[in-house]
Each structure stands twice: as structure tokens, then as C-alpha cells.
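Spelled out, the chains give:
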Amino acid sequence: MPGTYRHRRWVNTAAFAVTGFCAFLTLGILFFILGYVTVHGIGALNWNFFTQLPKPVGETGGGMANAIVGTFKLIWLAALIGLPVGVLGGIYLAEYGRGTTVGFLVRYAADVINGVPSIVMGIFAYTVVVLPMKHFSALAGGIALGIMLIPIAVRSTEEFLKLVPMAIREAALALGLPRWKVILRVVIPTALRGLLTGVLLDLSRVSGETAPLLFTAFGNRFWSSGWMNPIASLPVMIFTYAVAPYEDWHRQAWAAALVLLMIVLATNVGARVLMRKQVRI
Amino acid sequence: MSATLTAPVPSTPSARPTSASQGKKTSTGWGDWIFENLTLIFALSILAIAAAIAWQLFKNSALARHAFGWSFLTKQIWDPVAEDFGALPFIFGTLVSSALALMIAIPLGVGVAIFLSELAPRRISDACAFLIELLAAIPSVVYGLIGIFVLVPVMRTHVQPFLIKTLGFLPFFRGPAYGVGMLTAAVVLAIMIVPFIVSISREIFLSVPAPLKEAAMALGATHWEVVRLAVLPYSRSGIAGAVFLALGRALGETMAVTMVIGNVPRIAASLLAPGYTMAAVLANEFTEATSDLYVHTLIEIGLVLFVITILANAIGRLILYKMAPDAEAH
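If you're matching them up, the sequences are chains A and B in order.
Just so you know, the first sequence maps onto residues 0 to 280 in numbering that gives the first Met the number 0.
Just so you know, the second sequence maps onto residues 0 to 329 in numbering that gives the first Met the number 0.
Source of the hints: derived by calculation from the structure; they are not laboratory data.
On a predicted model such as this, the values are computed, not experimentally measured, just so you know.
Every residue, glycine too, gets a C-beta built ideally from N, C-alpha and C.
Treat the hints with caution; some may be incorrect.
[What the hints assert, rightly or not] Where chain A lies over chain B, by a calculated footprint (3+ residues, C-beta under 8 Å):
1) 135-146
2) 244-255
3) 272-282
[Said to hold, decoys possible] One-sided and incomplete, this derived list gives chain B residues near chain A with beta-carbon spacing under 10 Å:
4) Ala42
5) Leu115
6) Phe172
7) Met258
Just chain B, same shape as in the assembly (with noise of 0.2 Å):
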């Protein structure tokens, strides 16, 4: 996705290669046996490395894997001291995070695609997606700083209060108002993923046949209705496709959810109380585990998010590639 997003290719329709029997032994031809060869031993050992990484997961988590089973799934207990562990807090909490981070950044991201593709002039559209990208490129630990220094404060004087005095017989807004937790998670993600659904979003609406647009327009659609009634059901399922691969992001993302979602690893109905992602329980653990199952434990935990993001991933460019056979899935 990241290709997408950091890399504007326009793409062109590929012509095909001449004939792979070029690389043949002929007598002149050794240094393209060899060459071709070189390169296919690098390309091969990138497949070698993506087995690696779920081999590795796989076998330095055996220890935890017999020692609790599927249980390990379902459990809440997490208690180093008498080594009892299950992952279900953790899974909840970047479940819920990613879940209300693509509630916010999902009408957002795809409300700026619209102004960017068929509303704003497209020299200014232009200059804003650079803008919107930079972004993508900010690094996750700066955004938990920003996130720990300015918007946990805001959230724990303004935000939260505010939210259990209006909505607080709901069970979602109630407790004490701490600052951090999993809303304040959920609105970092958000900004972080935002950058990912605008970008491919607006390529997706920049790409709807102008055909379809015009005949809207003939018929006397406004502007808005020409977005509502041919871009967006033509756009449906590559935003879709953009959903999921930003979903894969926010899973995975560590830093700045590790630094204002108060780590603490319990199931509360609320949205203001502290709680722990998978990600962010690696990170603060993993290099204080004393034992071997300790450690085997948070390799599991790294073993179930993978498999999750993996999951998202594949969803997203299975759905991308179906509208676009000729990207290949990028």
C-alpha cells in the first residue's frame, strides 16, 4: 500500500517482455545466465524471508502454544508472576482501537478524496495530497509525543468531561476521565491512518470514467449529486479495498498507541478507560520477560497479530485487485 501512497506511479499499460528463452546458454550468452540467475536468487529469497518471518513466530512461540492452547485466545488472565497468560484483552483492545480509529478516519479520509477529486482545482488538489502525505511520513513515535503532551491533556480537561456529562448514560462514556485510553488511542490512529484511505481513495475517484460523470451532469445532477450518484457507487469497493489496508496499518501500529492507550490489560465497556493492544504489550514487555515462556508468550501474542494483519491485508488488495486486474494488487 505504502507503494501507492509514497511512490505516484502513473502506470502504463505494460508491454510484454520479448521472449524469456532469451536468456539461453548461447555462446554469448553466459552473462545473461548469470545475471538473470542473480537477480532470480534475490527475488527468491524475499519469498525465503516472508516464510522466515512465520516459521520464526511459529517455532519461538511452541512453549506458549502447548501450554495453553487455544485457550490462549480467550483467556483474560495476564499474570507474569504465576506465568497464567491469555491474549484476550490485548486482541480486544486493537480490535476496538483500529475499529473506532476507521470510524473516525473513514469519513474523514474519504470526504477530503472528494473535495481533492472532484471539487477543488487540481493544482491546489495537487499541492494538498503532497501535503497530506507528509502525513503519512511523520514518524509514529512523534505522533505519540504529540499524542502524550498535548492531546492526552486536552482529552482529560475538556474532551472526556464533556463527553460523560452529554453521553454519559451510555455505558461507552462512563468512568473517570484519565486522559488516556482507548478513544485517545482510536483519534491518534485515526490522524495516522487518514493520509492512507485519502490517497487511494482519491486515485480510485480520479480514475471513474468521465462517461459516467457527464451522463449525471446531461441529466442536470448538481455537482454533489454527480459525486453521490456515479463517483461513489463506482468507487465502492476500492474504497473498501483502502478501508482494509489502512485497518492492516492501524493493527500493527505501536508507538504512539503504546504511548496514550494507559497499558493497562483489562475489558471495559468504556471508551475513556485505559486499555492495551497486542502491539503495544510487545513493546513494553518484551525486553523485561524473564522466562522462556514469558517470552514464548509475547512471540504468540506477535504470532495472532500478524495472522490478523495479514488478513486485513490480503481482504484489502484481494478487493483492490479485483477492481484493477492490470495494477497487480499494489
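Okay, chain A solo, but in the shape it has when bound (with noise of 0.2 Å):
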């Protein structure tokens, strides 16, 4: 009988039984990766695996030290080439870029780039460093992974910037500041734990990222020799461990995801939590 109060309010509470069910799903399968990660990790991490180089294939043992440093050195490389395009390009995009072509052009292309997938971006990185150079070297992972820095960075950037009142930005320019030390002076530091949260993300977001590295900063079974070489890092470590063969394999490869998403999540928390602090403005 559809349509008696009694129905409906059957429907109600069944519509709401099965919504909640969903939440409840989903956060449980967020429980049970983070749980079962940190079980099988933590019982295979040693102080072998943060101070080791990975031994021989068919020895056990071992670690992962290189692939750790190597995971921190792409990061800082890719932060040192995405974030200056992406951070002064946001403040372009806030501060004279509003309503411009300019502004919806680099809007558009900064979209663009946020959705070609992470392989692609690897083969764009092959194809300018390691086709002309003619090995895989760790400038190139830095590359792949810089340049997928740039759009959140571009965007962040602006929003945080756009936050900022205008009536701050007038009483400066009142006072008689040229702009750029307005911009520079004033409105960069107001929203300075705004573009740092939108950093932070970003970082973390590439942190993890495995797929541009493959065919570009390789990977690597001893410390790097430089800039120019193969690096190791560890998403790449993960992903060999785990389609290898070998049982002690499989049990460092827990270990080294354990690692990963330790550093991915606590700067991705550390990020919203910072945010969370920030005084409404």
C-alpha cells in the first residue's frame, strides 16, 4: 500500500538504514587498509630496514635505507621545480589575473595539466630528459613529479589569496605601498598558513605517486650517485617487491608501504590540521 504514512515512513528509515550502511562501509574499508597495512608492516619493519641497502635477489634481509633518502630527495626536487611555477603563478591568477583571458587560459591549462593521468605525465618526462639524455636519471622522476605539483599549488594559491579581503589590500595601498609590496608584505603573509596547508597536500598527494617514476627515475638497488643516475624510492620499491616472487619480498614490501603511508597521511593530516586552526578571516 504506497502512499500510507506508515509506508513512507517505512521508506524513510530504509533509505536512511541503506545510506548509512554506505558510510559505514567505506569507513571500514578505510580502517581495515590502514589496519591491516600497520599489522603486516609493523611486524616486518626492523632497524635493518631504515639503515640496509636492499640485499642480493634470493637473500634475505636487508633494507630499504636508499629508497627512503631517495623517496625525500625527489620530493625536494619536485618541490623545488613545481612550487615556484605553482605558487607565483596562483599569486598572478589572484592578484592581476581576475576575470582575464590570461587568467581563464592559465585556469584552464592548470586543470588540464591536474588531469592527465600520473603514467602520462611519465612518459612527458621520458620523452624531455631521458630520450636526449639517453638514461634514466633521478632529475627526470623530479620533473614528472614537479610538474604534477603545479596545478593544486596554482589553485590553492589563488583560493587562499582570493581569501584575503580587499580592504586589507586598499589600506595598504593607501598608505602608499607599490602593489608588489602590498602583495608581497601584506597579502602573502595573511594567508600564509593557507598556502602552506595547500603545499602540504600537495607534497603528500605526490609523495605516493608511483607511476612517473617507473620509467624515469627507475629505481635503484644502491645509493644514487647523483642527480644525472637511476634513484630508488619507495612506492617503486613497493610495487617490485610485490609482484616479485619471493616471500621475504612481499614481507618488506608491507614494511615499506607501512613507511609510505606513515609519511603521505601525516602530512596530509598535519596539513588539515593546521588549516583547521586557521582563525576564519
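Grab the two chains, each in its own frame, and use the hints to assemble them into the complex.
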């Protein structure tokens, strides 16, 4: 008897039970993943993991010291390449590019780059760095990750600068400051916490990327001998170890996954806690 | 899309900036001129990079484009030894795995978003949204790891035999239970894109004007009827936009899919059969490609993937932009 009050009440309850279950399921998956990686990772983590190089194929033991350092080196390089472009581009969009054609085009280009699959970004870095140099290098990996940083850095910088009230800019201009000083000394410090949040979220996103590194930074079972040579990274190591047929490698893949997850989630949560503390302007 | 997902910025009515002629070269204005053009150069370099990506993919696939022409998109051969290549199995795999993932993720994601925005108290809703965004932060390769060592065994021993037994009369659920395969990849993909659908849909639901909901309530609608009669119709196009953005992400997803899809370049009707995607073949074969033609072929696959994802993203952004022009299609 559809249409009766009792029936409608029943549908109401059922609908919310179903949607509630959806939420419960999604959160359940999150906690399952975090729990599973933690349990399997902690069992495999030991001091050697952080201090030793990978052992040759077939031998058990060893660690991933080179991959941990490699990951941080790659992120550092990516930040060096991507963040200046992203942040300065974002400053242009927020301060000079509102409502202009150039602004629209740049925003559009940033969206296009944001939508490019990470593996295609790897191909791009391969064609511009690896092909001319004829070998894999940390530099190529850094460029691939650096370009991936740009779109989010641009958009978050623009959004956070736009939150700074016009009145603050006008007050500074009225005191006779030139516009560039207003931006650097008044607008950016006001929005600093937001900018930092955006940058940290951005870094946390690319630090777990694997696909763009497969044929740029490639991987290395030893310490990397410079920016122009292949370098190991945690995500690529996890992939290599997970698809290999050795039991001991699987164990180490879990340990590496736990370490990577810690790095990524700590940055991510840290950034968002920082954001929450921001005084609403 | 990630900007919306990861950095929730309260939107404010953006006041117009002071006029652009501020940057003119007056006696004191050289600093302004330098600073404006410096930032302009960096902004324009973003345009240049986007163009360079497209150009490099196009240029470095020339050998394959000339060798195979348009038939590259419709051939099913993948023979690196004879150097005869066709991309159809990969295009098929990418589209089917993403479509399946959407079929799982849309109901789940929209369900979560309805619960979070319409039923749960604001505090719980915010906490849940925070946690669900963590799901988006988990690296793809970690999803792949869980996929290989947890999901694949479960699919092989429980889910797939059950599907074969109960739905085996359909061509989609036939064949042996390998564990790896199209369906497994779709499940992993679905989990990875749910956070996108949830966060965009939730924002859209929360932006439904209160008078619409109040009108429905005043007519005696139950809570669910308010959702069905007022919230969903108002948000329909927004959800469509969210779906296309999620699709764009699913199409290009590489590591997790590579690790669970089975990597067999064959078109099979059965969803339990192993498949291959464009992103996965790039991940697996790029470093092993020996000849120039082989490399160019793989780059052409990258080009096809690039074009398809750009289309999905463009459609999604267009829909969201039409909904809220102020948001400038974030």
C-alpha cells in the first residue's frame, strides 16, 4: 500500500539505513586498509629496514635505506621545480588575473595538467629528459613529480589569496605601498597558513606516486650517485617487491607500505589540522 | 578536482581587484612592473607545459601513427616480436574497468554523501568527511598491495565461485575463477574513486537552498522524500559532473589496476577474465620496449589515454561550471 503514512515512514527508515550502511562500509574499508598495513608492516619493520641497502636477489634481510632517502630527495627536487611555478602562477591569477583571458587560459591549463594521468606525466618526463640524456635519472623523476605539483599549488594559492579581504589590500595601498610590496608584505603573510596547507597537501599527494617514476627515476638497488643517475624510491620498491615471487620481498613490501603511508598521512593530516586552526578571515 | 577534495576553501564573493592599470611604469612603478611580469611568466609557463605535454606525446608517437594509422585503435593484435600492434584490448579494458568501477562507486558514494549531508549531525558528518578524504590520500600502490594479497585471494576463493554458481548463466560471469581480472580491478578502482564522488556530492547537497527543503517539509514530506523530491533533482547535474571527474581519475589510474587486472591483452565477455588497461601496459612494458617503433606505439597509447581523460575531465568541469559559474570550475 504505497502512499500510506506507515509505508512512507518505512521507506524513510530503510533509505537511511541503506545510506548509513554505505558510510559505515566506506569507513570500514578505510580502517581495514590502515589496520592491515599497520599489522603487516610492523611485523616486518626492524632497524635494518631503515639503515641497510637491499640485499641481492635471493638473500633475505637487508633494508630500504636508499629508497627512503630517495623518496625524500625526489620530493625535494619536485618541490624545487614545481612549487615556484605553482605559487607564483597562483599569485598572478589571484592578484592580476581575475576575470582576464590570460587568467582563464592559465586556470584551464592547470586543470588540464591536473587531469593528466600520472603515468602519462611519466611519459612526458621520459620524452623531455630521458630520451635526450639516454638514461634514467632522478632529475627526470623530479620533473615528472614537479609538474604534477603545479596545478594544485596554483589553485590553492589562488583560492587562499582570494580569501584575503580587499580592504586589507586597499588599506596598504592607501598608505602608499607599491602593489608588489602589498602582495609580498601584506597579502601573502595574511594567507600564509592557508598557502602552507595547500603546499603540504600537494606534497603529500605526489609523495605516494609510483607510475611517473617507473621509467624516469627508474629505481636503484644501491645509493644513487647523483641527480643524473637512477634513484630508488619507496613507491617503486613496493611495486617491484609486491609483484616479485619472493616471500621475504613481500614482507618488506608491507614494511615499505607502512613507512610510505605514515609519511603521506602525517603530511596530509598535519596540513589539514593546520588549516582547522586558522582564524577565519 | 583535487583542489576541491583536499583543500576545502570556503568560497567568498570575490571582490573585483583594483584596476589592472596599477601596474603602469610610473617613476615608482618599476617594482610593480617587474613583479607582475615575473608572476605572469610563471603563469604562462603553466600554459606552455600543458601544450608541451600534448606536443611531446604527439611528436614521439609519429612512427606508430604512420605505421598503423587509425586502424591502431581497432586492431586486437599485440605482437612485440613481429612489431604489429593494435590498442583495442587496452582501450576496451580501460573503458570497461572504469565503467564497472563507476557502477559500484556511484551508488555507494552518493549514498554516503546523502547520509553525511542530510542525516548525520554536522559534527559526525565533518569527522566522517575528514576520514573519507584520507581514503583519497592513500597511495595507489598501497591499494595495489592490498589488492594482490587480500582482495585477489578473497575473489578467487569466495566471490568469483559464488558468482559463477549463481549468475553463471550470463556470459559476464563465466570461466575459471582466477582472482585477478576485470571485476577485481573495478572493485579496487571503485574504492579509490568513492572519496571523490563523496566529497563533491556532499558539497553540492549542502549547497541546496534551504527554502527548497523547507517547502518539501512543509508539505509533509518525510526526510527521505525531502532528499528524493528536493535535494536530488536540484543536485542531479552536479553529481553528473562529479561522476565525470571521478571517471577521469579512474581511466588514468595505473598502479593498483596493474597489480590486480591480470595483464592479458584480450577482449573477453566475462568480467572474471583477466584484462589489460592502457595505463597498465605502459607501466609494464615501457622499460622493456626495445625498438623505436615499440616505444612510439606505447607513447601513442599514452596519447590516446591523454585524450580520453582530458575529454572526461572537460565534460565534468563544464557541467560543474554551468552549475556554479562563480566557482570558476574548480
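**Asked** Failing hints, ascending?
**Response** Failing hint: just 6.
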